[in-house]
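Here is what each chain is made of, one letter per residue.
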Amino acid sequence: MANHSATHPKHVHHHFVNSNQQFESAKLGMWVFLVNEILFFGGLFCAYIVFRAWYPELFTQAALELNTFWGAVNTVVLIGSSLTVAMAIRSAQNNQKRGLEINLLITIFLACVFLVIKYFEYEHKLHLGIAPGSFWNPTPEIAAVLDHPKANIFFGIYYMMTAVHGLHVIIGIALMVWLYLRARKGHFNSEYYTPVEITGLYWHLVDLIWIFLFPLLYLIE
Amino acid sequence: MSEHHGHHIASAKQLWGIGIALLILTVLTVTVAGLGLPSPFDILSAMAIALTKAFLVAAFFMGLYWDTKFNSMLLIGALAFFILMVSITLLDTLYRDNVVPSF
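These protein sequence lines map, in sequence, to chains A and B.
So the first sequence is residues 1319 to 1539, counted in our numbering.
So the second sequence is residues 6 to 108, counted in our numbering.
Bound conformation, chain B alone (with noise of 0.2 Å):
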């Protein structure tokens, strides 16, 4: 029995709460694109709201406000090295003269 002192047991209400926060942001997210924000502003608030819905699963559904940091760690790692990725893909896209025909 002790040895699970650790383990942190969410409320049904907190739960509760974190789904009703995702779906108000689903709503809101849905009413922004249709608003027709110029560019970038469009793809920047999609992001920001998608960016704060994963941060809410990420920290209390998958329970990473309550668990050992370094599983928050991996997660941040995983996202750093996704950055890196797309930034050197892109230094090589963005610059080319022309576009591999086939593509």
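In isolation and in its complexed conformation, chain A is listed as follows (with noise of 0.2 Å):
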């Protein structure tokens, strides 16, 4: 016992042959999860083809009840983050802790503005009725813009893939801070930073879904 513990690293499990091996494996396994997380959010994408392929003429109508400037802020903000997450992986592999600390801190920051963000789209569009499914209750002016009868469709499929995504983006902060409170404990170096950038691997398919939403969503109209 004495004499393995000599010859490996600490962070290196006992069933790896080394710490590259270890961390390939680890980040193997990510990207296996990652094709599930794509498969899953590909399942609201498929609905939303089927749904626009039989009623194209509602969804440019009701896109336009979506507020592109916002919604092209959300994008930013999101491309932003992505790139403090990959700097804050550089910082781990070139052992600047600080460098790391401040980089999760700005993409806990972006990742919180893109839900207040989220959260007065959902209030404005809430308070005008513009509710999912059977809770499709919209003013006269927006019922007058909007006199389709399976708008509530396009707002129930709206609301799916934005909740859903928006689910991740608060997992994905609980996940950055845990990195953060493990960053300023010294956890992490050049040799061992896995976690950092397996969570930089969940981070950058969140802002991919997005990518995505943004234009099939806000710029349809």
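The hints are simulated quantities; they were obtained by calculation from the structure and are not laboratory data.
A portion of the hints provided could be inaccurate.
Said to hold, decoys possible - Straight-line Cα separation of at most 25 Å, PhoX-like style, residue types lysine-lysine; simulated pairs:
1. A:Lys1328 to A:Lys1345
2. A:Lys1503 to A:Lys1328
3. A:Lys1415 to B:Lys18
4. B:Lys74 to A:Lys1345
Taking the hints as your guide, dock the two standalone chains into a single complex.
This is how it looks when you write it as structure tokens:
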């Protein structure tokens, strides 16, 4: 046992040959999870495609109720947070503890900005009675502009896709806070930063999903 | 130390370059959407730009460009199965005489 730990770095588990194999295995595992995530969101995108093929005029009409400006701002916010996550990984690879902490904090901040903007978008719509499915109860002004019998379906898809995406953002924030606390304790360095790398992959996927949600939901008027 | 020779460290310049390219493409997609291109060119241009952005994120932010090809294969496999799922679903829904009434 003593001999064993003398030849292996502390973070390497016994069933791995070396640190690099452990790192690559963790990354492979994360990619398999991301495949599952893509197909999970894929089901929602599939619903979007089917209903858009059935009611193309509804989608162009209903998208007018979405605010392109705030959608674009949120796209920029998420791209910025992807950049800071990539910079956080780079900091860890270069043993820059302070850089890692700062980049994680900026990422957490940007993720919160995204959610706050999303909250105000939801709040505004729900105030106008633009709710999903059977909760659809638009004000007379909205009903006059959006007189499509299936209008509630577009917003059912909108709320489902953005809310599930938002849930991923919330989980991402929790993971970043966990990383930040560990980074402060000095758990990560150029030899071991697997959790930063893995969480980074997750966060980039959340960004990827939004890259498609933004043009498909906001930019079709 | 020698165990880590395989890890690529992207330069700050590279990462900022990708970030700025993504911002430019975001501005581009909003501008193109504002032109009001006739269908199907509106959706085609939007998806072409989104796919370019997705490629940049996957290749450089997620590091697939420097990574083992197996991870790229997983991503491409996921996209292939997504296309399969959509295709088979559309084979049904596009060729119905009557859409299910409650839908």
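Against the structure, the hints:
1. A:Lys1328 to A:Lys1345: 19 Å, holds
2. A:Lys1503 to A:Lys1328: With a Cα-Cα distance of about 16 Å, the restraint between Lys1503 (chain A) and Lys1328 (chain A) holds, given a limit of 25 Å.
3. A:Lys1415 to B:Lys18: 20 Å, holds
4. B:Lys74 to A:Lys1345: 12 Å, holds
In terms of the numbered hints stated before, the structure departs from none.
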